[in-house]
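J.: What follows is the residue order along each chain.
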Amino acid sequence: MWLWFHKLSSPPYAYRTAGLVRPWLFWPAILLMIVGAVGGLVLAPEDYQQKDAFRIIYVHVPSASLSLMIYTVMAVAAGVGVIWRIKLAHAVAAACAPIGAWFTVATLVTGSIYGKPMWGTWWEWDPRLTSELILLFLYLGYMALRASFDDTQRADRASAILAIVGVVNVPIVKYSVVWWNSLHQGPSISKLAAPSIEGSMLWPLLVMMLAFILYFGAVLCDRLRGEILRRERNASWLSERLA
Amino acid sequence: MNLKDVLDMGDYGVYVWSCYGLVLAVLVLNVWLGRRALAEQVLSAKRRLKIAESINSESSSPS
Numbered sequence: 001m002w003l004w005f006h007k008l009s010s011p012p013y014a015y016r017t018a019g020l021v022r023p024w025l026f027w028p029a030i031l032l033m034i035v036g037a038v039g040g041l042v043l044a045p046e047d048y049q050q051k052d053a054f055r056i057i058y059v060h061v062p063s064a065s066l067s068l069m070i071y072t073v074m075a076v077a078a079g080v081g082v083i084w085r086i087k088l089a090h091a092v093a094a095a096c097a098p099i100g101a102w103f104t105v106a107t108l109v110t111g112s113i114y115g116k117p118m119w120g121t122w123w124e125w126d127p128r129l130t131s132e133l134i135l136l137f138l139y140l141g142y143m144a145l146r147a148s149f150d151d152t153q154r155a156d157r158a159s160a161i162l163a164i165v166g167v168v169n170v171p172i173v174k175y176s177v178v179w180w181n182s183l184h185q186g187p188s189i190s191k192l193a194a195p196s197i198e199g200s201m202l203w204p205l206l207v208m209m210l211a212f213i214l215y216f217g218a219v220l221c222d223r224l225r226g227e228i229l230r231r232e233r234n235a236s237w238l239s240e241r242l243a
Numbered sequence: 244m245n246l247k248d249v250l251d252m253g254d255y256g257v258y259v260w261s262c263y264g265l266v267l268a269v270l271v272l273n274v275w276l277g278r279r280a281l282a283e284q285v286l287s288a289k290r291r292l293k294i295a296e297s298i299n300s301e302s303s304s305p306s
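Residue numbers (my numbering), protein chains in the order written: chain A, 1 to 243; chain B, 244 to 306.
Extracted from the complex, chain A is given alone in its bound form (with noise of 0.2 Å):
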């Protein structure tokens, strides 16, 4: 295990496996995208008090769902980078963040729009709503602290303790609607024991969260690349890889 985690490590092995890994993500990601898509605006019944508003959910909760686990994802990838001085960890971190940040602006404005017909307002400084907005200052605020140095390794250093620090928002964003009263509404499918939605709504969901997820995964193999390259652009494995 930690052989393979070593061998992960080296640049030239992961960009060469991130290749590799790619389709095996990307493929199963759109179709199962299209299943939770028909399952989600065409299977799925009506929700007897929001009607076929709801079906907003179906693109908005995986959204959201990844714009956490992204941070979450980026801030561990930075912690590792810092701890165990792995530079492969920070070009993960580096790759997460353009990532999180885009779905963290899908999240806030399928929000607004779904909150339009069912609250009767586009935006309310409500905590969920709040926090979440703090998210994507905090993805914005890390990609422009990388910009701000010439040198990687510093670039490194400073955005993976804000990286670290920020991560503190992921449970508040998760639990402000537990914690505080708000009018978003409360979690519906992280209560395994009774989820608070019809098994013919809740697949779907469960569907498109897992498309997300094998997308983030494909995205994150070229972001990735990309990054390592830019890194290692004197290494003599390049002359190898890229002939």
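These are computed hints drawn from the structure, not numbers from a lab. The structure displayed is predicted, hence computed values, not measured ones. Hints may contain errors.
Listed below are the simulated SDA-like cross-link pairs for lysine to any residue, each with C-alpha atoms no more than 25 Å apart in a straight line [as the list claims (entries may be wrong)]:
{"#": "1", "chain 1": "A", "residue 1": "Lys87", "chain 2": "A", "residue 2": "Ser148"}
{"#": "2", "chain 1": "A", "residue 1": "Lys87", "chain 2": "B", "residue 2": "Glu283"}
{"#": "3", "chain 1": "A", "residue 1": "Lys116", "chain 2": "B", "residue 2": "Arg279"}
{"#": "4", "chain 1": "B", "residue 1": "Lys247", "chain 2": "A", "residue 2": "Leu41"}
{"#": "5", "chain 1": "B", "residue 1": "Lys289", "chain 2": "A", "residue 2": "Ser239"}
{"#": "6", "chain 1": "A", "residue 1": "Lys87", "chain 2": "B", "residue 2": "Arg279"}
{"#": "7", "chain 1": "A", "residue 1": "Lys87", "chain 2": "A", "residue 2": "Leu140"}
{"#": "8", "chain 1": "B", "residue 1": "Lys289", "chain 2": "A", "residue 2": "Arg231"}
{"#": "9", "chain 1": "A", "residue 1": "Lys116", "chain 2": "A", "residue 2": "Tyr175"}
{"#": "10", "chain 1": "A", "residue 1": "Lys51", "chain 2": "B", "residue 2": "Val257"}
{"#": "11", "chain 1": "A", "residue 1": "Lys51", "chain 2": "B", "residue 2": "Tyr255"}
Just so you have them, the derived chain A footprint on chain B, three or more residues with Cβ under 8 Å [to be verified]:
{"#": "12", "region": "257–263"}
{"#": "13", "region": "267–278"}
{"#": "14", "region": "282–288"}
Where a beta carbon is used, it is the ideal one built from N, C-alpha and C, also for glycine.
We have chain A; now place chain B onto it with these hints.
T.: Just chain B now, kept in the frame of chain A:
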């Protein structure tokens, strides 16, 4: 459920379809941005290798 019902979404069509359109755009954009970033790095790495190769061949060839 017929096609009109699917498009209308019980008068919520504008909200539902704009969300799906936006997320689809983010999904496509992320793939494109990732591929473009990788292609740019591959191109610049190949360019550097070519320059290094030409310098090496110049220095090794007898003057």
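J.: Confirm or reject the coverage of the region 267–278 of chain B by chain A under the rule of 3 or more residues with a beta carbon closer than 8 Å to the chain's beta carbons.
T.: It holds, with 8 qualifying residues against the three required.
J.: Would the hint linking lysine 51 of chain A and valine 257 of chain B be met if the CA-CA limit is 25 Å?
T.: holds (14 Å)
J.: Decide if the proposed pair is consistent with the structure: lysine 87 of chain A and leucine 140 of chain A, CA atoms, cutoff 25 Å inclusive.
T.: The hint holds at about 22 Å.
J.: Below or equal to 25 Å on CA atoms is what counts here, so check lysine 289 of chain B against serine 239 of chain A.
T.: Holds: lysine 289 of chain B and serine 239 of chain A sit about 8 Å apart, inside 25 Å.
J.: Hey, lysine 116 of chain A versus arginine 279 of chain B, does the alpha-carbon distance stay inside 25 Å?
T.: violated (36 Å)
J.: Between the region 257–263 of chain B and chain A, see if three or more residues pass the 8 Å beta-carbon test, and mark the coverage as holds or violated.
T.: holds (count 5)
J.: Checking C-beta pairs, does the region 282–288 of chain B have three or more residues closer than 8 Å to chain A?
T.: holds (count 5)
J.: Taking only the CA atoms, is the gap from lysine 51 of chain A to tyrosine 255 of chain B under or equal to 25 Å?
T.: Given that 25 Å is the threshold and the Cα spacing comes to 8 Å, the pair holds.
J.: Between the alpha carbons of lysine 87 of chain A and arginine 279 of chain B, is the straight-line distance 25 Å or under?
T.: holds (23 Å)
J.: For the pair we were handed, lysine 289 of chain B and arginine 231 of chain A, check the Cα-Cα distance against 25 Å.
T.: holds (14 Å)
J.: For lysine 247 of chain B and leucine 41 of chain A, compute the direct alpha-carbon distance and say whether it is at most 25 Å.
T.: Satisfied, since the Cα-Cα distance of roughly 13 Å is no more than 25 Å.
J.: If you draw a straight line from the CA of lysine 87 of chain A to the CA of serine 148 of chain A, is it 25 Å or shorter?
T.: holds (19 Å)
In summary, the structure is inconsistent with hint 3 from the numbered list given earlier, while agreeing with all the others.
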